[in-house]
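S.K.: Hey, can you work out the whole structure from these sequences and the hints?
The listed protein sequences derive, respectively, from chains A and B.
Under our numbering, the residue at position 110 of the first sequence is numbered 110, and the numbers go up by one with no gaps.
Heads up, our numbering is the position in the second sequence plus 1000, with the first residue counted as 1.
Note that these hints are calculated values from the structure, not bench results.
List time: in silico DMTMM-like cross-link candidates among lysine to aspartate or glutamate, alpha-carbon distance up to 25 Å:
| no. | chain 1 | residue 1 | chain 2 | residue 2 |
| --- | --- | --- | --- | --- |
| 1 | A | Lys108 | B | Asp1019 |
| 2 | A | Lys108 | B | Asp1075 |
| 3 | A | Lys108 | B | Asp1047 |
| 4 | A | Lys108 | B | Asp1050 |
| 5 | A | Lys108 | A | Asp92 |
| 6 | A | Lys108 | B | Glu1077 |
| 7 | A | Lys108 | B | Glu1029 |
| 8 | A | Lys108 | A | Glu147 |
| 9 | A | Lys108 | A | Glu74 |
| 10 | A | Lys108 | A | Glu76 |
| 11 | A | Lys108 | B | Glu1052 |
| 12 | A | Lys108 | A | Glu52 |
| 13 | A | Lys108 | B | Asp1101 |
| 14 | A | Lys108 | B | Glu1051 |
Since this is a predicted model, take the numbers as computed values, not measurements.
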Amino acid sequence: MPRPNEAEEWYEFLADAGRHACCPCHDACVRDGQIAEMVAAASAGNQQAWSELVRRYAGLVLSTARSVRLSRQEVEDVSQITWLLLAMHIRDLREPEAISGWLITTAKRESLRMLRHRDIEHAVQDDLLDIPDRNTPAVDEGLLREERRAQVRRGFARLPERCQRLLRLLAGDPPASYSEVSAALGIPMGSIGPIRARCLDRLRRAAGLSTY
Amino acid sequence: MNDDELMIVLRAALAADEDVSPRSIAAAESAFHWIRVDDELAGLVFDSADEEAPAGVRGGVRRQLTYRFDDLLIDCEVGPDALLGQLIPATPARIELWSADGARRALDLDDEGRFAVRPAPAGPVSIRCSRAGRTDVVTPWLLA
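M.R.: See the structure below:
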């Protein structure tokens, strides 16, 4: 049952999303093997391979750091240390193809450490300055936007591969045309509309958006 | 939310490059130069910042960390005014504090294996321990 304000929040997110310039979506069809090769090349000293990893995952690391209540500077600090730690560990990664999971886990851990370390340091000052308890949910638009984004991403990740490929093409910037989708996926143009509708229904259910 | 609206939401959710500042990219790129080759990496076996702060904590509780490589432990304590450390057992060694910007600082070690950095360093740091006849040991990057 949605909270009274939740539907409004979604519509605000919708309006806000429409205003942001979209960026090219990452290629959905990269095989695991390609990622492992990229990681191996970077760890062997190939700077281009490293830059490609940065291009692919910088946003993910920042989003992860933002899902915890940190300042803009702290988010950047967490991002920096996450990449430094990758450089330190990259030769030892047990599952190079799962590097995105490693980056998320590391960014999350460093975010929480920063939060807790800062809270301990400032506990006394908060008392003196009468700052509201940090545990009280506060209105924080950036955090809400990240949560919404994460919610949709999680739902999207649960969709069957075929739906993900289709929706990524249609959600691209610029969006692929139906004839481009037909050529890319090898499906008749006439099928695209109905498949899109079914995939979006699945996305609604998977992301918990059915009531909006 | 109709299908067209949902597509807008999805596009925003998938736009991973949004809000990626040039400074974040630059910092991530420069981390390339820190790819570890020959050094041994100490493991972080304890970090008090991994535990929930106990209720009623007031200022004066400092962050405690313990690193381990083989038979060597490095205990650290981070406060606003200093980063303190101790090698256990106290071993003859050269200790350096490395910063992400490339700065290196040699630290004095007393008879009990203790060292100090005053004031506490800003930014990510790694402690490098060089012992005669052995490969250098480095601690994982720490945001003190």
